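Chemist: Guided by the hints, dock chain B onto chain A, whose structure is given.
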Amino acid sequence: MGKPETIRAYLDTVQEQIRWKRARPVLARELEQHLTDQRDAFQTEGKDPETAERLAVEEMGDPVSVGTELDRVHRPKPQWGLLLPAAVSLCLWLSIQIASFWGLSSFWDYVQQDVMISLLALVVMALLYLGDYTLLGRWAGALVALGTMAMALIVLNYVIQWYRPLLYAGTYHTQLLLPAVVTPLAIYRLREKETPGLAACVLLCLLQLGEAVIWMLPVVYLPGLVCNTGLLCLAVKKGWFGRSRWNWALIAAYALTVLALMARGGNLTGMASRYIALLHAGTASAWDPRAVFSQAKLIGMAEGDLLGLGESPLHWLMGWKWEEFLLGVLAYFGWLPFLALQLPMAVLLVTGWRKCLRQTAVLGRLLGTGILLTLTWQAISYLLQTFTGGWNLFTLFPYPLLTDGGKALVLDCALLGILLSVFRCGSVVWEDARGRVFSGRLFQFP
Amino acid sequence: MEIDKSLVSGSMALLVLKLLEDGDKYGYQMIEEMKRRSDDTFHLKAGTLYPLLHSLEEKGLVTAYEREAAAGKPRRYYHLTKEGGAALRQKEESWNTYARAVGRVLRGGACCGEA
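Residue numbers (our numbering), protein chains in the order written: chain A, 1 to 446; chain B, 1 to 115.
With the rest of the complex left out, here is chain A:
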């Protein structure tokens, strides 16, 4: 094959060497920019256009070796550091579920049901992992509108009591999904519209609270407050809404409004007094976490009936409730199992944050931050509840991938799938000067 003499032929030859199709257009774009600069320089020196283009291509070097080198650098990153803990977490979830049904007459029915749920969660995660997350950015406006409308319908359904099975079904989980995905997409869509864009984002964040009214518990507002405030702070700090001093004031106004809404329900005062009671008495529940912590063994069952249940470990495991799970593990099985069960999620969160902080693409950084803030909040608030015994004071949500029910497991796996896709494609997601992502495909295979 002869040496290419035109820019187009050169770029085609380079792209043929790159196996990851997703990487081809973005890499070719940069090389093309360079080649046109070089061609223009030759033309300025007095060369005719054809000669200038041929010389520019020659200057660039052998297209096969350039393409081979780029192929070596740009391979899809499988993210084993995240996939492995996620897989271990899923196995743990299934094992705990199966153990809790042990000895029941309908044991096999429950096992079958939980295996199906795990498979569904796995398929959802795999599809999103292999997919191209930048499509979420392309459809950001539509997805934000859809999320807001779905939430409005749930609230409306609650007010007019139209369809009873859905009265509470959507609420619980969308309170996690909205800050994790919809707020990042709203910020992505409205950024560079200066302070009015930020004001619109704040308004959307406030609209998300509509659902929390249904629960009449201030604790439901907390994930939105923590995650949305974190995302808005990131956007303002990065200057995505300009450098107006009013931007920080808008975020403060959002946080204060949420607190005011919590107080308006009359529950904030009660919640605050329960926090104070916790500090003095050490517990707000029938169980005494301090006694469990002080008497728990490294491994094995603690002395005495610390949980007041008078049961054997197996009996307890068969009837555990999500909010008491980790404290029960500590009392019945000891510190090592307590820590070991949390190890996969800890690895997942630490690895995830390290990778997220290195994301340069705006969309990837926003989605990564939103998802990690949500998962981190879920884990920390659950642990705070476990350590203090302040049931319903910190969270109403389960520990991610551990004490999840079926729907929560699928939701958390979906969030993980998007996060994995962000890190997998990160190196070839380039944004232009206006922050637009280059073309993406629905499914990307190595």
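Don't read these hints as lab results, they were simulated from the structure. Predicted model, so just to flag it, every value in this text is computed and none were measured. Take the hints with a grain of salt, since some may be wrong.
Stated by the list, open to error - In the DSS-like style, the derived pairs of lysine-lysine whose C-alpha atoms are separated by at most 27 Å in a straight line are:
| no. | chain 1 | residue 1 | chain 2 | residue 2 |
| --- | --- | --- | --- | --- |
| 1 | B | 73 | A | 238 |
| 2 | B | 35 | A | 47 |
| 3 | B | 35 | A | 21 |
| 4 | B | 82 | A | 237 |
| 5 | B | 25 | A | 237 |
| 6 | A | 238 | A | 193 |
| 7 | B | 59 | A | 238 |
| 8 | B | 35 | A | 77 |
| 9 | B | 82 | A | 238 |
| 10 | B | 82 | B | 18 |
| 11 | A | 47 | B | 45 |
| 12 | B | 18 | B | 91 |
| 13 | B | 91 | B | 35 |
| 14 | A | 47 | B | 73 |
| 15 | A | 47 | A | 77 |
| 16 | B | 59 | B | 25 |
| 17 | B | 18 | B | 73 |
| 18 | A | 237 | B | 59 |
| 19 | B | 45 | B | 59 |
To be verified - Sample of chain A residues with no beta-carbon within 10 Å of chain B, all distances over it, derived:
| no. | residue |
| --- | --- |
| 20 | 20 |
| 21 | 60 |
| 22 | 111 |
| 23 | 141 |
| 24 | 197 |
| 25 | 321 |
| 26 | 334 |
Said to hold, decoys possible - Covered, in the sense of this in silico footprint (three residues per stretch, anywhere, with C-beta under 8 Å from a C-beta of chain B), are these stretches of chain A:
| no. | segment |
| --- | --- |
| 27 | 228–235 |
| 28 | 290–300 |
Using N, Cα and C, we set each Cβ at its ideal position, and we do this for glycine too.
Modeler: Quick look at chain B alone, frame taken from chain A:
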């Protein structure tokens, strides 16, 4: 005088990081700047530069972003990160040690009072 390519290839990352020390640049600018600073001695091939820049980005030593350059043309600029700055200082130190050692050998060995 023609320079042996193997002499340059080992220090290419050092040279590229050094070019970014005093400001963000895009690939074409870096090649031109390299020619200027080396008195036309180093003719860095673009086909060598871009894979190198991308591997430095992969290691977190540089980050890249697209901005409009002169005449409104979009260009991908590279920026030296904090980790990149630290790596640059380390590479400079290694290079200086190496260059001093080569110099001593070429001069026939270390002599009294030489650092």
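Chemist: Please write out, lowest number first, the hints stated earlier that are contradicted by the structure.
Modeler: Hint check: 3, 8, 15, 21, 27 and 28 fail, others pass.
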